[in-house]
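Reading the sequence shown from the start, the letters are residues 26 to 143 in our numbering.
These are computed hints drawn from the structure, not numbers from a lab.
You may find that some hints are simply not true.
To be verified - Here are the in silico distance ranges between beta carbons for each label pair:
#1 Gln59 to Ile135: 14 to 20 Å
#2 Leu142 to Asn115: 31 to 37 Å
#3 Ser116 to Ile48: 36 to 42 Å
Nothing here was measured: the structure is a model prediction, and the numbers come from that model.
We treat Cβ as the ideally placed atom computed from N, Cα and C, and that holds for glycine.
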Amino acid sequence: MKENLFRTRKTIVVINAQNNKQIQVYIKDIVAIQPEDRCCNVMMKNGAMYLMNMRLKYVENNLNLENIIRINNTTMINMEHVLEFSIQDNSRIELFLGNNSSYFVSRYYIKNFRRILL
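Build out the structure end to end from the sequences listed, making use of the hints.
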């Protein structure tokens with residue numbers, strides 16, 4: 026029974042940069058994904074940082090990450106971790122996440138953000 030529970034939860038393989046080992050993390054625990062060189066930083070809700078050996082564009086287009094959307098050219102966030110948002114100047118939206126971080130939704134990606142909210 027326990028094995029079936031783990032199969033139903035969606036996971037993704039990331040790299041622990043401290044020991045260069047691959048581990049599986051739950052997608053629901055990912056807060057944000059940002060590019061760094063030819064990799065992506067994966068920020069978790071517990072504060073841990075991991076790497077994915079792929080570009081942000083590949084992550085967005087090829088991985089089926091539920092509730093994780095692109096909000097600007099350098100950031101994808103998990104909508105489950107958005108606590109609140111506020112409208113800023115120049116039609117931008119600032120998002121406040123559960124790990125005390127904030128990000129801006131650019132005007133280009135705002136339509137997609139609104140579609141997910143509705």
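C-beta pair Leu142, Asn115: status relative to the range 31 to 37 Å that was hinted: violated (19 Å)
Kindly confirm whether 14 to 20 Å is satisfied by the beta carbon distance between Gln59 and Ile135. Check passed, 19 Å falls within 14 to 20 Å.
Just tell me: holds or violated, for the beta carbon distance of Ser116 and Ile48 against 36 to 42 Å? holds (39 Å)
The structure fails hint 2 only (numbered hints given earlier).
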